[in-house]
Amino acid sequence: MFVLELTYTAPLERVEEFLADHLDWVKVQYDAGIFVASGRKEPRDGGIILALGNDATAVRELVQTDPFAIAGICDYRVTQFFATNVAPDLDRYRETPS
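Take 1 as the starting number for the sequence shown in the UniProt record's numbering and just add one per residue.
These are calculated hints, taken from the structure and not from any lab test. All values derive from a computational prediction rather than experimental measurement. Every clue listed holds true.
Quick list of simulated restraints, FRET-style, between CB atoms:
| id | residue 1 | residue 2 | range |
| --- | --- | --- | --- |
| 1 | Ser-98 | Ala-20 | 36 to 42 Å |
| 2 | Leu-19 | Leu-90 | 26 to 32 Å |
| 3 | Asp-89 | Asp-55 | 24 to 30 Å |
| 4 | Asp-21 | Ala-87 | 31 to 37 Å |
For every residue, glycine included, the Cβ atom is placed at its ideal position computed from N, Cα and C.
Take the sequences, apply the hints, and build the full model.
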């Protein structure tokens, strides 16, 4: 699993110009079963996405297809972790490191 942390590198006015395209891109990733949860940070200087997968290179390539990244208005920090402890309702996301 991955934590994808977006940090805006442009003013919010510029971010707003690409928000609809970004949200469409996010929906495609949910529909593909890649994203588990997402939302904006507070203060509003970016966002957080939880993504499934075990290939860090593929995830780094994926985030470069985000309209925010293409427009050069955010940086992504990609952190892989193993969800070894989860709430009972999230048991399907439990992972065991190899």
